[in-house]
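Asker: Sequence:
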Amino acid sequence: MTRLAYLLFPVHMANGIISGAFAFYVLYDCMHYALHHTKLPTYMKEMKKYHLAHHYKNFDLGFGVTSKIWDYVFGTVLPV
-7 MTRLAYLLFP VHMANGIISG AFAFYVLYDC MHYALHHTKL PTYMKEMKKY
43 HLAHHYKNFD LGFGVTSKIW DYVFGTVLPV
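Position 66, counted from 1, in the sequence shown is what this note's numbering calls 58; the numbers after and before it change by one each time, with no gaps.
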């Protein structure tokens, strides 16, 4: 994957893309762990329920993972 970044971009941009992708993955993994192994605040429990409804009830609606704001903007709010 890093070779592709160096082929497509100048070195300074490739370094930024690679380090950004790594940082994003670490943050994603921490969030994923927390969602499964900690007591979540009420808002996060509701958003988790909302996102799971997107996956298991209607995958054409409810795209918000951390907020429903864009679902309101695009008319994709999923009634839960």
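Calculated directly from the structure, the hints in this document are not laboratory data.
Be aware that one or more of the hints could be misleading.
Stated by the list, open to error - Lysine-lysine pairs mimicking BS3-like chemistry, simulated, CA-CA at most 25 angstroms apart:
hint, residue 1, residue 2
1, K40, K60
2, K49, K60
3, K37, K49
4, K41, K60
5, K37, K60
What the hints assert, rightly or not - Have a look at the derived ranges for each label pair, beta carbon to beta carbon:
hint, residue 1, residue 2, range
6, P71, L27, 19 to 25 angstroms
7, D21, Y48, 18 to 24 angstroms
8, V3, K41, 26 to 32 angstroms
9, Y64, A13, 43 to 49 angstroms
10, H29, V57, 34 to 40 angstroms
Think of the CB as a built atom: it goes at the ideal place given N, C-alpha and C, for glycine as much as any other residue.
Asker: Please flag the earlier hints that this structure goes against, numbers listed from lowest up.
Answerer: Hint check: 8, 9, 10 fail, others pass.
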